[in-house]
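For the sequence shown, this note's numbering begins at 3 and goes up steadily by one.
Hints listed in this document are in silico derivations from the structure and should not be mistaken for laboratory results. Check each hint, because a few of them may be wrong.
Unchecked claim - Okay, the calculated beta carbon distance ranges per label pair:
(1) G105 x G154: 51 to 59 Å
(2) D135 x K15: 16 to 24 Å
(3) Q45 x A126: 21 to 29 Å
(4) A109 x M178: 42 to 50 Å
(5) A126 x S12: 28 to 36 Å
Said to hold, decoys possible - In silico lysine-lysine, DSS-like type, Cα no more than 30 Å apart, as pairs:
(6) K15 x K156
(7) K73 x K34
(8) K34 x K141
(9) K15 x K73
(10) K111 x K156
(11) K111 x K73
(12) K156 x K134
(13) K34 x K111
(14) K34 x K134
(15) K15 x K141
(16) K156 x K73
(17) K15 x K34
(18) K15 x K134
In this text the structure is predicted, and so the values were computed from the model without any measurement. Just so it is clear, CB atoms sit at the ideal spot from N, CA and C, and this is done for glycine as well.
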Amino acid sequence: VWAQGATAASLNKDGWLDVVLSDYGPNTTILKNNHVDGFTAYQAIAGADAKQHLRWGGSSVAGNDYLGNGKTQLVVTDNGCEAAACSSSTNIHMYSWDIGATGTPNADKLVFTFEKNLPRSTLAHAYLAINKDFDASGKNSLIVFSRPNDSGVKQSAIQFLKNNGAGDFTDVTSSMLQG
Numbered sequence: 003v004w005a006q007g008a009t010a011a012s013l014n015k016d017g018w019l020d021v022v023l024s025d026y027g028p029n030t031t032i033l034k035n036n037h038v039d040g041f042t043a044y045q046a047i048a049g050a051d052a053k054q055h056l057r058w059g060g061s062s063v064a065g066n067d068y069l070g071n072g073k074t075q076l077v078v079t080d081n082g083c084e085a086a087a088c089s090s091s092t093n094i095h096m097y098s099w100d101i102g103a104t105g106t107p108n109a110d111k112l113v114f115t116f117e118k119n120l121p122r123s124t125l126a127h128a129y130l131a132i133n134k135d136f137d138a139s140g141k142n143s144l145i146v147f148s149r150p151n152d153s154g155v156k157q158s159a160i161q162f163l164k165n166n167g168a169g170d171f172t173d174v175t176s177s178m179l180q181g
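Kindly generate the complete structure, drawing on both the sequences and the hints.
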């Protein structure tokens, strides 16, 4: 695993913190808290359409219930996606995830499924996404930090992505920045 970012959240809502490691290669990993002696590692397999939607991880990962369905989705920045609906015009995507139940064909296998495209980062390299309800709406929104790909350029940007509660994000940066 070439881990670039990580997040800790109770992914399956059992109250125990799990860990997601985003990988710049094909090995994005979920470490599920086994409640006994540590974590059980799960790496992704190909989805139902024979592609792994989260084929190439990214620089940052954030986990929360962005769709308002009681489950935890993952938002990955600087992400290359292989799902048909996944747009290459943005570098921020949302995924759902599932670990197959015992006795099923995908028993104990991790599958990521593409959910939504989010607005593109302000600058080319989106290196950090943070969960923040910055407008006190009770909805899980994001703050994204980005910089140019050219590391010689000393510049960065902050971006406020407001969630409508159903996973549709709007860039509201201009209304959030004052002065």
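We went through each hint and held it up to the structure:
1. Against the hinted window of 51 to 59 Å, the Cβ-Cβ separation of G105 and G154 comes to about 55 Å, which satisfies the hint.
2. Restraint check, D135 to K15: a C-beta distance of roughly 18 Å satisfies the suggested window 16 to 24 Å.
3. In this structure the hint that Q45 and A126 lie 21 to 29 Å apart at CB holds, the actual value being about 28 Å.
4. With their beta carbons about 45 Å apart, A109 and M178 fall inside the hinted range of 42 to 50 Å.
5. Between A126 and S12, the C-beta spacing of about 33 Å keeps the proposed range 28 to 36 Å intact.
6. Annotation: proposed proximity of K15 to K156 is violated, straight-line Cα distance about 40 Å (limit 30 Å).
7. About 15 Å separates the Cα atoms of K73 and K34, which keeps this hinted pair within 30 Å; it holds.
8. As the CA atoms of K34 and K141 are separated by approximately 25 Å, the hinted pair is consistent with the 30 Å bound.
9. A C-alpha spacing of about 7 Å is found between K15 and K73, which places the hinted pair at or below 30 Å, so the restraint holds.
10. Pair hint K111 plus K156 does not hold up; C-alpha atoms about 42 Å apart against a cutoff of 30 Å.
11. For a cut-off of 30 Å, the pair hint linking K111 to K73 stands: about 18 Å separates their Cα positions.
12. For a cut-off of 30 Å, the pair hint linking K156 to K134 stands: about 26 Å separates their Cα positions.
13. Annotation: proposed proximity of K34 to K111 holds, straight-line Cα distance about 12 Å (limit 30 Å).
14. A C-alpha spacing of about 24 Å is found between K34 and K134, which places the hinted pair at or below 30 Å, so the restraint holds.
15. Among the hinted pairs, K15 with K141 is consistent with the structure: their alpha-carbon atoms are about 17 Å apart, no more than 30 Å.
16. Restraint check for K156 and K73: the C-alpha separation of about 38 Å exceeds 30 Å, so the hint is violated.
17. With a C-alpha separation of about 11 Å, the suggested pair K15 and K34 falls inside the 30 Å cut-off, and the hint holds.
18. Distance hint between K15 and K134 is fulfilled; the C-alpha atoms sit about 19 Å from each other, no more than 30 Å.
Of the numbered hints stated above, those contradicted by the structure are hints 6, 10 and 16, listed in ascending order.
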